[in-house]
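The listed protein sequences correspond, in order, to chains A and B. Heads up: the first sequence begins at -8 in my numbering, then just goes up one per residue. Heads up: the second sequence begins at 19 in my numbering, then just goes up one per residue.
What the hints contain is simulated information worked out from the structure, not anything from laboratory work. We put the beta carbon where it would ideally sit given N, CA and C, even for glycine. Hints should not be assumed to be uniformly reliable.
To spell it out: a stretch of chain A is covered by chain B in this simulated footprint if at least three of its residues, at any positions, have a beta carbon under 8 Å from a beta carbon of chain B; those stretches are [said to hold, decoys possible]: (1) 37 to 46; (2) 56 to 64; (3) 204 to 218; (4) 241 to 252; (5) 312 to 322.
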Amino acid sequence: KMEFYKKDIWKDIELTPSEDEGYPNFSAIAYPSGYTELMGLFRTIVITKEFSARALELTTYILSFAYGNDAIWSYRRDILANYKEWRDDIDGKKIIEEELEFCRPLTIANPKNYQVWYHRQLLFENLARCSDMIYSNLDEVLTLSKSKVNEENLIKLIQKEKELLEKVFQASDTRAYNTWNYRQWLCKRFSSFDGEFEWIKKQFVDVEEGIDHIQNNSYWNHIHFLLSFPSSKSGIDLKDAVDIAITMARKRLNNVAPWYFLQGCLKYQNEEITLQIINFAKETIKRTLINAHARALLYKYYSKLNTNEAKEETIKLINELIKFDINHKSYWVSIQESLKKE
Amino acid sequence: KLDIKKKMEKRKEEELARYKEALLKEGAKHNKEDKWKELASKLHIKQHIRFFAGHLLKAIPEPYVALDHGRINIIYFALAGLDILNALDMIVTETQKEAIIDWVYRTQKEASGGFTGSYSTPSSCYLSTGHLAYTYTSLCVLVILGDDLKRVDRKAMQELIRDCQDDNEGNFKATRMGSEKDIRFSFCAAAICTILNDWTGFDKEKAFQFITKARSYDKAFGHGPFAESHSGSTYCAISSLHLMGMLDRVDDLEETLYWLLQRQKRGFQGRANKDEDTCYSFWAGAIIHQLGGIDHVKKISSASFTLSCQDTEKGGIRKSPQVDVEIVHSYFGLAGLSLLSFGNLAPLEPCLGLTKRAAAHLK
Chain A
-8 KMEFYKKDIW
2 KDIELTPSED
12 EGYPNFSAIA
22 YPSGYTELMG
32 LFRTIVITKE
42 FSARALELTT
52 YILSFAYGND
62 AIWSYRRDIL
72 ANYKEWRDDI
82 DGKKIIEEEL
92 EFCRPLTIAN
102 PKNYQVWYHR
112 QLLFENLARC
122 SDMIYSNLDE
132 VLTLSKSKVN
142 EENLIKLIQK
152 EKELLEKVFQ
162 ASDTRAYNTW
172 NYRQWLCKRF
182 SSFDGEFEWI
192 KKQFVDVEEG
202 IDHIQNNSYW
212 NHIHFLLSFP
222 SSKSGIDLKD
232 AVDIAITMAR
242 KRLNNVAPWY
252 FLQGCLKYQN
262 EEITLQIINF
272 AKETIKRTLI
282 NAHARALLYK
292 YYSKLNTNEA
302 KEETIKLINE
312 LIKFDINHKS
322 YWVSIQESLK
332 KE
Chain B
19 KLDIKKKMEK
29 RKEEELARYK
39 EALLKEGAKH
49 NKEDKWKELA
59 SKLHIKQHIR
69 FFAGHLLKAI
79 PEPYVALDHG
89 RINIIYFALA
99 GLDILNALDM
109 IVTETQKEAI
119 IDWVYRTQKE
129 ASGGFTGSYS
139 TPSSCYLSTG
149 HLAYTYTSLC
159 VLVILGDDLK
169 RVDRKAMQEL
179 IRDCQDDNEG
189 NFKATRMGSE
199 KDIRFSFCAA
209 AICTILNDWT
219 GFDKEKAFQF
229 ITKARSYDKA
239 FGHGPFAESH
249 SGSTYCAISS
259 LHLMGMLDRV
269 DDLEETLYWL
279 LQRQKRGFQG
289 RANKDEDTCY
299 SFWAGAIIHQ
309 LGGIDHVKKI
319 SSASFTLSCQ
329 DTEKGGIRKS
339 PQVDVEIVHS
349 YFGLAGLSLL
359 SFGNLAPLEP
369 CLGLTKRAAA
379 HLK
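The following block holds chain A by itself, in its conformation from the complex:
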């Protein structure tokens, strides 16, 4: 990094200082060695909109200081989009594949960064449209009609992306937020649901240590995501999901994650499923002493119904929650008070 700006390839370029030089400075960062020089080069060549191999390499070095610098990412994409200006040995598709490959390690190392994922999404979108040109702006890409897409190849590429996501999980953790959102985008955008249900089951349902993963709320959220698509696509239907949720919840009755999911499934207003969930909650109350999650779920269910029986149940449940959901006693008291007012 420190030596890059000293290379001969840069001898024609004068460094441009930043425009706050000479003014009182605030929150002045003690820049690491080499950073100011690299930025100085950038500020000079970006004025002339230079798209070149040395510009690309420059962005690589600058980004390694700050993967959140969205202007540098934009500049990098423009350099790639104008590849014809500085490479004659390659086509648009190959350039994108090279870039996706190049960005793999830094994505694995920086999964909390937003820009690395947006960059991948944009590149992949370009790739899927199999155009010989590439576009640096997602809005532009999206207005293109899809040209001849090799389905088989696209499926392979998507699979490769999903494998990258697994590597990210292994390297950091299975809650990595942007990673999950990127996976969802892949599934939704390319209708890539084949094997997705099997995959999620492998993570925590069909495994020995599945019990440790019951608390992984991201898995439950992913199941809900799959449920939001027709089961002919996603391979999962409401019955499968609820069966899994009840089976897993039985192993960890005190953990909130499967209960959030079960409570969420009430929204589908499927009579049979709702009954199954309600009965499970009631069974839990019998089998345990003070389970708050089961009661909160039943409260949610009964408080939405208008029958006298439901109203009685609601009152009874609130009383129990006040007694047993000790951490949130005052909350349930306030619910009780607002109910009395009604």
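Could you slot chain B onto chain A? The hints should help.
Only chain B this time, still in chain A's reference frame:
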């Protein structure tokens, strides 16, 4: 069958024991007032003032180079932190205030709208663009310093907001050049419009549709449709709706409140079953406050967790006891304490990220 019965009985015994223990803890309430007052003395105010002042007026450590392109954020956190500590006038002279205001305005994109957030990109190049997040923090800095906002190019600002909002989905990208379009930028846009009292470029109905779609099955919010519910996204969602004046169109807010309250262990989590992190004392706490539930928070627990994350020598607050202090968690940790009416910290306007003192300028 006998085995299962034994297991169930054992489980019930354990539950009963835990229940009794929890009751005892609750019963120790008569000590609460004293304990709360005692805690107030444990905030190392002088050190924190020095910490924020240093991050504004002195050279800050190398690792912050990662934030160089959005340096306005560091200025914001430093000033906002000093404001919460009632130490603005103590630390920042009138001359310095004017110089900071000038620093901010020189990052404004006149004609194209918004603020760039730093000087790392030359203003005449095609990449130099207003950014919704840095515009939000720029405006906050101006308001904190009492600027009258007259130099803001309002027309260009609304053009920027209009161009950043997606016509179909209602969500926002951060700049005209393009970026991810998640709920954070819905909040930034709404806050900008609130501060300038101008919504002409902001399609409220479309924005509302997007935010609604970002609501998860547990009634909290994620970054976008189907995303996992998250305290930060929930802050952005509810704050936006409040600022847009559309919170009354949302049902089941008591359930959202309960979800947020469930995020408290000692400190707050960002998501279900994740670790506590001091910044969520603000993201979750602010919306708990907004929804009228701040008295349901275990204040002593939350404050104790934040206080345990202080660096009592250098000042500043950590994300969690195991890592180093930095300015982001220092600000949000303090902001989270302020929401609990801790000590003499300045009260906040929770959905704007400003103290009430600063926000009063907007009237």
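Outcome of the hint check:
1. Counting residues of the segment 37 to 46 of chain A whose beta carbon lies closer than 8 Å to any beta carbon of chain B gives 3, which reaches the threshold of three, so the coverage claim holds.
2. Counting residues of the segment 56 to 64 of chain A whose C-beta sits closer than 8 Å to any C-beta of chain B gives 8, which meets the bar of three, so the coverage hint holds.
3. A count of 7 residues in the segment 204 to 218 of chain A with a Cβ less than 8 Å from any Cβ of chain B is obtained; the coverage claim is therefore met, three being the minimum.
4. Counting residues of the segment 241 to 252 of chain A whose CB lies closer than 8 Å to any CB of chain B gives 5, which reaches the minimum of 3, so the coverage claim holds.
5. Remark: the segment 312 to 322 of chain A is confirmed as covered by chain B, as 7 of its residues place a Cβ nearer than 8 Å to a Cβ of that chain, reaching the required three.
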